[in-house]
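Engineer: Assemble the whole structure, with the sequences as input and the hints as a guide.
Counting from 220, one number per residue, gives the positions in the sequence shown under my numbering.
Derived by calculation from the structure, the hints in this document are not laboratory data.
Hints may contain errors.
[To be verified] Simulated crosslink set (BS3-like; lysine-lysine; CA at most 30 Å straight-line):
#, residue 1, residue 2
1, K454, K847
2, K890, K836
3, K747, K792
4, K383, K937
5, K772, K747
6, K821, K299
7, K293, K503
8, K548, K299
9, K810, K293
10, K724, K535
11, K339, K383
12, K713, K535
13, K878, K383
14, K810, K548
15, K810, K798
16, K747, K293
17, K529, K798
18, K503, K747
19, K548, K535
20, K792, K847
21, K847, K772
22, K529, K548
23, K724, K747
24, K810, K309
25, K383, K529
26, K772, K454
27, K836, K821
28, K847, K713
29, K847, K878
[Claimed, not checked] Simulated restraints on C-beta separations:
#, residue 1, residue 2, range
30, A430, A400, 16 to 22 Å
31, D752, R545, 22 to 28 Å
32, G887, P846, 18 to 24 Å
33, Q347, W456, 27 to 33 Å
34, D752, K524, 31 to 37 Å
35, F830, E349, 30 to 36 Å
36, K821, E741, 17 to 23 Å
37, A430, K821, 32 to 38 Å
38, K524, E484, 57 to 63 Å
39, Q347, P846, 25 to 31 Å
40, W456, S886, 35 to 41 Å
Every residue, glycine too, gets a C-beta built ideally from N, C-alpha and C.
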Amino acid sequence: IQNTEQQLTRIDQQIQRLQEELQQVTENPELEEIQLLGEEVSEQELAAESQQARVDELAEQVTDARESLEQQRKQLDDGKRRLQQMLNRKATLDALQKAALGQGSEAVSHWLESHQLARKPRLAEQLQVESGWERAVETVLGGYLQAVMVDQLDPAQHWLDSFKEGQLILWQQGSESMPAAQPGTLQSKVSSQQNVAGLLAGVKTADSIQAALGVRSSLADDESVITPDGIWLGKHWLRVAREADGEGGLLARQQELETLEEQIEDLDIQVEEWDADLEANQLKLRSLEQQRETAQREQQQVSQKLITLKSQLSGKQARAEQFALRSDKINRDISEARETQALERENLEELRMTWQEAMSAVDEDTDERQRLQDERARVQQLLETARMEAGQNKDRGHQMQLKMQTLTSREQSLQQAIDRLAEQMTRLRERREQVLENQNRDHSADLDELKAQLEEMLERRLSAEQAMQAARHALETVDSRLRELEQSRAEAEKKALEVRNELEKVRMECQALDIRRQALVESLAEEKLTLKDVMENIPEEANAEQWQADLEKIAERIQRLGAINLAAIEEYKVQSERKVYLDNQNEDLQKALQTLEGAIQKIDRETRTRFQETFDKMNAGLAELFPKVFGGGHASLELTDEDLLTTGVAIMARPPGKKNSTIHLLSGGEKALTAIALVFSIFQLNPAPFCMLDEVDAPLDDANVGRYARLVKAMSEKVQFIYITHNKIAMEMADQLMGVTMHEPGVSRLVSVDVEEAAQMIDQ
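Structural biologist: What follows is the structure in structure tokens.
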């Protein structure tokens with residue numbers, strides 16, 4: 220019983236020790252850290268997925284923005300190219316228009332500049348002509364389209380003294396509004412703030428040459444008809460003018476210039492809007508690229524943090540698994556110890572009950588033994604001795620049985636021991652009764668039997684001690700082996716942890732290398748290269764060490780250069796695009812210059828040719844008319860320079876009876892007659908609808924006035940003359956007189972006299 224109690228004490232101590240160890244394992248602080256790390260890993264995984272989605276979204280936005288930017292850049296370049304073409308076309312038309320308007324003449328331009336008239340508009344710029352009738356209006360108006368618009372004509376008498384050469388027409392603008400036009404006339408095709416009705420009077424319109432020829436016979440002497448393509452017919456004449464350069468006339472060019480100006484203005488506004496949109500989208504693209512780079516850096520940081528957290532979580536989970544295994548083992552050990560404890564307690568209780576029963580039986584036999592004390596005096600001592608030896612043997616047997624039962628199956632061993640003890644107690648009780656009843660008869664036989672039983676018990680004790688010794692030795696061997704295995708397990712776990720840490724480190728390095736590889740692949744993809752292409756382009760004599768040394772040298776040079784300008788690539792792209800744009804502009808300008816030079820050369824050639832033809836015709840006309848107005852003599856025009864573009868014109872006049880001299884040496888009347896001959900020769904070359912002469916005959920005598928009047932009368936068949944005169948002879952030659960009287964001071968009245976009707980009245 221004492222051994223069983225000691226065994227129970229050891230089991231209690233073992234259970235307490237295991238419970239303390241289990242509490243330490245259960246209270247592992249890393250379990251809470253594992254839970255927190257798990258939650259943080261989940262959050263980081265969600266953050267990594269969200270960041271990856273953000274990076275993908277930004278990459279898609281960057282791609283879309285680049286495509287949109289490229290389309291806008293193409294649209295802007297196309298708009299700038301079309302704008303430049305329009306500007307080139309406008310410059311060409313401006314040059315042609317300037318030359319056609321007489322602004323190309325240096326002398327005229329200088330004179331206009333000196334009188335602040337160079338910037339004044341021309342009459343052609345003040346006319347709005349119905350589409351399709353530009354050539355017709357230009358044919359009729361002719362040189363009047365080049366007329367310079369002035370506020371007043373009165374100051375012109377002071378300016379004309381300084382006008383030495385060239386052709387000049389001044390037009391007083393806004394003097395009176397143009398009257399309503401009759402349908403079917405050329406005036407109805409023109410709208411303007413300037414009154415050009417007098418220039419267009421009597422000019423009818425016809426849609427074709429056939430229609431014009433059909434109405435020609437019904438025309439009056441002062442009427443004419445013209446077609447849209449510029450075929451001008453009178454009752455007895457037909458005139459056609461065609462431009463050799465195919466660039467159209469003044470009005471057509473003016474209309475095209477106005478249209479071009481509107482288109483250029485609209486396109487310029489559109490180009491500015493496109494340019495602003497392009498700049499805004501470039502800023503947006505740079506912002507998106509910066510956001511993408513920031514998102515990629517944040518993604519790398521999140522991925523790196525996720526890798527670190529997973530590594531920490533793996534290590535802690537491994538340690539937690541070790542603790543869990545240890546906890547399971549401790550729980551199993553506690554369960555086994557408690558089972559053993561329960562068995563030992565049951566055995567102890569059974570032993571105590573058996574002992575109590577045995578002691579009760581002995582107490583019951585005490586009275587009977589006292590009555591027989593005298594009779595068993597001699598054998599009492601032997602019996603007590605045998606009982607003591609039996610008790611000792613019984614205790615030793617119990618101890619050996621308990622020790623054996625702890626190593627194998629204590630429950631079965633104890634049960635067997637109890638059964639044997641019960642049988643022994645029964646036999647002893649029966650023997651004691653037999654001894655008490657037949658002590659005299661069977662005393663010697665019982666003593667022999669007790670001795671035999673004692674020897675048997677001694678032998679059994681010896682066997683039990685040997686078995687217990689062997690079991691103890693085996694237990695020590697098992698404990699030693701268990702300690703060795705536990706130490707090996709601890710060393711193995713330590714090595715496994717080191718290997719796991721090393722493996723995690725290698726995994727992190729692999730992930731870093733994979734990220735770097737992915738970045739290199741993306742860099743190659745941006746350069747439109749593959750790894751295979753790069754490997755094929757590596758020379759066979761390539762040396763990694765030499766390349767590494769060169770790379771270090773380049774890195775040192777880059778370090779010496781200082782901080783990297785991250786905007787250099789974008790600035791280079793912008794400047795490259797600007798260079799391409801400027802190169803295109805330069806090319807367009809070169810082409811425009813070539814076009815202008817060609818146009819100028821063409822204009823110069825045409826100007827020389829037409830000037831020479833006009834000069835010859837005017838010279839012939841002057842030579843024809845001069846003798847008529849002077850009654851003889853000779854006059855001619857001479858060039859002052861061989862260059863027809865810069866030359867001046869001198870008039871050489873020799874009235875009858877005088878030597879050759881310049882016009883400056885003539886008298887006032889001779890100058891007037893010479894000027895009349897020159898003006899009339901110009902009218903013969905380029906007839907105008909009417910001609911106004913203001914007191915041209917003032918310096919002439921009666922004979923010269925008569926010749927002047929006859930010449931006017933002869934030319935009035937083609938040109939309508941309106942002249943102001945105080946000479947009676949000149950008045951006699953007029954078909955109709957308009958007199959101005961002033962019956963009241965400050966009030967002028969117009970009096971009209973029909974000369975033919977007056978003559979008829981006189982005849983009657």
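Engineer: Hint by hint, note whether the structure agrees.
Structural biologist: Structure-based check of each hint:
With a C-alpha separation of about 27 Å, the suggested pair K454 and K847 falls inside the 30 Å cut-off, and the hint holds. In summary, the hint linking K890 to K836 is supported, as the alpha carbons are separated by about 21 Å, within the 30 Å threshold. Annotation: proposed proximity of K747 to K792 holds, straight-line Cα distance about 18 Å (limit 30 Å). Annotation: proposed proximity of K383 to K937 holds, straight-line Cα distance about 29 Å (limit 30 Å).
A distance of roughly 28 Å separates the Cα atoms of K772 and K747; the hinted pair therefore holds under the 30 Å criterion. For the hint linking K821 to K299, the alpha-carbon distance of about 29 Å falls within 30 Å, and the restraint holds. A hinted pair counts as satisfied when its Cα atoms are at most 30 Å apart, and K293 with K503 qualifies at roughly 18 Å. Distance hint between K548 and K299 is unfulfilled; the C-alpha atoms sit about 86 Å from each other, more than 30 Å.
As the CA atoms of K810 and K293 are separated by approximately 22 Å, the hinted pair is consistent with the 30 Å bound. Straight-line distance between C-alpha atoms of K724 and K535 comes to about 15 Å, which keeps the hinted pair within the 30 Å bound. Proposed proximity of K339 and K383 is supported: the alpha carbons are some 20 Å apart, at most 30 Å. The hinted pair formed by K713 and K535 meets the criterion: a straight-line CA distance of about 14 Å does not exceed 30 Å.
Restraint check: the Cα-Cα separation between K878 and K383 comes to about 24 Å, which is no more than 30 Å; the hinted pair holds. At roughly 97 Å between alpha-carbon atoms, K810 and K548 are farther apart than 30 Å, so this suggested pair is violated. Between K810 and K798, the direct Cα distance comes to roughly 18 Å. Compliance with the 30 Å bound is thereby established for this hinted pair. A hinted pair counts as satisfied when its Cα atoms are at most 30 Å apart, and K747 with K293 qualifies at roughly 23 Å.
Between K529 and K798, the direct Cα distance comes to roughly 53 Å. Violation of the 30 Å bound is thereby established for this hinted pair. Pair hint K503 plus K747 holds up; C-alpha atoms about 25 Å apart against a cutoff of 30 Å. Between the alpha carbons of K548 and K535 the distance comes to roughly 20 Å, so the proposed pair stays at or under 30 Å and holds. Note on K792 and K847: the hinted pairing is violated, with a Cα-Cα distance of about 79 Å set against a maximum of 30 Å.
Note on K847 and K772: the hinted pairing is violated, with a Cα-Cα distance of about 101 Å set against a maximum of 30 Å. Between the alpha carbons of K529 and K548 the distance comes to roughly 28 Å, so the proposed pair stays at or under 30 Å and holds. Of the pairs offered as hints, the one joining K724 and K747 is violated, with about 34 Å between alpha carbons and a cut-off of 30 Å exceeded. Straight-line distance between C-alpha atoms of K810 and K309 comes to about 14 Å, which keeps the hinted pair within the 30 Å bound.
A hinted pair counts as satisfied when its Cα atoms are at most 30 Å apart, and K383 with K529 does not qualify at roughly 102 Å. Between K772 and K454 the CA atoms are separated by roughly 97 Å; this puts the pair beyond 30 Å, and the hint is violated. This hinted pair checks out: K836 and K821 have alpha carbons roughly 22 Å apart, not beyond 30 Å. Simply put, K847 and K713 have alpha-carbon atoms about 138 Å apart, too far for the 30 Å limit, and the pair is violated.
Restraint check: the Cα-Cα separation between K847 and K878 comes to about 18 Å, which is no more than 30 Å; the hinted pair holds. In this structure the supplied range 16 to 22 Å holds for A430 paired with A400, their Cβ-Cβ distance being about 19 Å. Evaluation of the 22 to 28 Å hint for D752 and R545 yields a failure: the beta carbon distance comes to about 58 Å. Hint check: G887 to P846, Cβ distance near 20 Å, so the stated range 18 to 24 Å holds.
Hint check: Q347 to W456, Cβ distance near 29 Å, so the stated range 27 to 33 Å holds. The supplied range of 31 to 37 Å is met by D752 and K524, whose beta-carbon atoms lie about 36 Å from each other. Taking the beta carbon of each, F830 and E349 are about 33 Å apart, inside 30 to 36 Å as hinted. Hint check: K821 to E741, Cβ distance near 59 Å, so the stated range 17 to 23 Å is violated.
Here the CB-CB span from A430 to K821 is close to 35 Å, well matched to the stated 32 to 38 Å. Between K524 and E484 the Cβ separation comes to about 59 Å, which falls inside the hinted range of 57 to 63 Å. Taken as a hint, the range 25 to 31 Å is violated for the pair Q347 and P846, whose Cβ atoms sit roughly 46 Å apart. The given range of 35 to 41 Å is respected by W456 and S886, whose C-beta atoms sit roughly 37 Å from each other.
Violated hints, in rising order: 8, 14, 17, 20, 21, 23, 25, 26, 28, 31, 36 and 39; the structure is consistent with all others.
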